[in-house]
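Following the hints, put chain B in place on chain A, whose structure we already have.
Protein chains: 2
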Amino acid sequence: MSDHISLPLALAAEQFAKLPGVGIKTAQRLAYHMLNLPEEEVCEFAENLVKARKSVKLCRCCQNFTERDICELCSDDNRRKDQICVVESPKDVSAFERAGGYEGLYHVLHGLLSPMDGVTAEELKIKELLARLGDVKEVIMATNPTVEGEATAMYIGRLIKPMGIKVTRLAYGLPAGSALEFADDVTLVKALENRSEL
Amino acid sequence: MSDHISLPLALAAEQFAKLPGVGIKTAQRLAYHMLNLPEEEVCEFAENLVKARKSVKLCRCCQNFTERDICELCSDDNRRKDQICVVESPKDVSAFERAGGYEGLYHVLHGLLSPMDGVTAEELKIKELLARLGDVKEVIMATNPTVEGEATAMYIGRLIKPMGIKVTRLAYGLPAGSALEFADDVTLVKALENRSEL
Numbered sequence: 008m009s010d011h012i013s014l015p016l017a018l019a020a021e022q023f024a025k026l027p028g029v030g031i032k033t034a035q036r037l038a039y040h041m042l043n044l045p046e047e048e049v050c051e052f053a054e055n056l057v058k059a060r061k062s063v064k065l066c067r068c069c070q071n072f073t074e075r076d077i078c079e080l081c082s083d084d085n086r087r088k089d090q091i092c093v094v095e096s097p098k099d100v101s102a103f104e105r106a107g108g109y110e111g112l113y114h115v116l117h118g119l120l121s122p123m124d125g126v127t128a129e130e131l132k133i134k135e136l137l138a139r140l141g142d143v144k145e146v147i148m149a150t151n152p153t154v155e156g157e158a159t160a161m162y163i164g165r166l167i168k169p170m171g172i173k174v175t176r177l178a179y180g181l182p183a184g185s186a187l188e189f190a191d192d193v194t195l196v197k198a199l200e201n202r203s204e205l
Numbered sequence: 008m009s010d011h012i013s014l015p016l017a018l019a020a021e022q023f024a025k026l027p028g029v030g031i032k033t034a035q036r037l038a039y040h041m042l043n044l045p046e047e048e049v050c051e052f053a054e055n056l057v058k059a060r061k062s063v064k065l066c067r068c069c070q071n072f073t074e075r076d077i078c079e080l081c082s083d084d085n086r087r088k089d090q091i092c093v094v095e096s097p098k099d100v101s102a103f104e105r106a107g108g109y110e111g112l113y114h115v116l117h118g119l120l121s122p123m124d125g126v127t128a129e130e131l132k133i134k135e136l137l138a139r140l141g142d143v144k145e146v147i148m149a150t151n152p153t154v155e156g157e158a159t160a161m162y163i164g165r166l167i168k169p170m171g172i173k174v175t176r177l178a179y180g181l182p183a184g185s186a187l188e189f190a191d192d193v194t195l196v197k198a199l200e201n202r203s204e205l
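Respectively, the protein sequence lines represent chains A and B. Taken in order, the first sequence gives residues 8 to 205; the numbers are from our numbering. Taken in order, the second sequence gives residues 8 to 205; the numbers are from our numbering.
Since the hints were derived computationally from the structure, they do not count as laboratory data. None of these values were measured; they are calculated from a predicted model. Accuracy of the hints is not assured; some may be wrong.
The list treats identical chains as one, so a pair stands whether inside a single copy or across any two.
[As the list claims (entries may be wrong)] Calculated cross-link-like contacts (lysine-lysine; reagent style DSSO-like; alpha-carbon spacing at most 27 angstroms): (1) K64 with K32; (2) K61 with K32; (3) K132 with K32; (4) K173 with K132; (5) K64 with K88; (6) K88 with K61; (7) K25 with K134; (8) K25 with K144.
One chain only, chain A, in its complex shape (with noise of 0.2 angstroms):
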């Protein structure tokens, strides 16, 4: 950061460069936006980002982050016991709660098998995923459709299988609302292999 730009600012922008996705253009940005501010603002933002670090905690079940021990999903007693929807991180949770349909419990691994980037199984919430399949009759493995995410897919699918439990996989397709000749190679030749009868 260059040494002409005030030390408050300078300060200010340093920190929201930490942040991924974050420049150094749109730190000043924010960094100004924030100097701007009446001061019990900043201390507000400040104080409620360290408040939900505080809190968080990951569920005991399905790993979720939540302020409790066991999270609203997993003590919810509306929800079927038996399926379970393995996903990378709580973000994924959100996605399909929103878009609603899915009645069973989660489960976030908090990050994908990756050799390059040297995560391996034993990072990931595996060990608590296998440890609670006592009554579960199925495993929806959704994982995010890229490399990482089926060879994650394949690997929890592999030590579930022997156990006698349904693994499933989320469908590869076209995007609703998409069009065809937008759609890459690899979903084209899915969507035409998983067709379905009309």
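Okay, now just chain B, sitting in the frame of chain A:
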């Protein structure tokens, strides 16, 4: 924010969503990043922002952000004291200093006249500018080449000219490294009007 995502995640995301140019998806991504950081790093992030906000003052002379009474630029004996470059915001001072080549002083207005947004002359640091024109020979109006920037430059120019001080405006023209075919009409006309001899 959906009530299905965990409370700490929602709380953190809410904070980021307050920032300008940060939508819900980005806010959630940043919140997720924060909750995955070690607690000390989140505290450091928060404390530094509050520290920056608390330590920031406006330079008594040029109104730029600083942590001192008189900023570094204003107290630098090597700078020309008879030239003042008037800009909208502290970011613009950084931009000029980064570019180099200017050795005079600055004056930060902290905004532009904008009747549409209810920003009047009283809210800008115009009084402070007029109060420091004693030995000044030239005031360079370096507000953005936008409607508000032009209007503000004109307004301030009209106040200063009667004091016998030279008032200048940044040149309009083609940006370096750009292509004629992509220039907008106004820029092209101005570039032609302001052509210089080779």
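Now the hints, each set against the structure:
1. K64 with K32: Classified as between; 22 angstroms across copies, 34 angstroms inside a copy.
2. K61 with K32: Cα proximity of K61 and K32: across copies only (22 angstroms, versus 30 angstroms in one copy).
3. K132 with K32: between (37 angstroms within a copy, 25 angstroms between copies)
4. K173 with K132: Classified as within: same-chain Cα gap 20 angstroms, cross-chain 69 angstroms, threshold 27 angstroms.
5. K64 with K88: within (22 angstroms within a copy, 57 angstroms between copies)
6. K88 with K61: neither (30 angstroms within a copy, 51 angstroms between copies)
7. K25 with K134: Intra 32 angstroms, inter 38 angstroms, cutoff 27 angstroms: neither.
8. K25 with K144: neither (43 angstroms within a copy, 43 angstroms between copies)
Hints 6, 7 and 8 from the earlier list are contradicted by this structure; the remaining hints agree with it.
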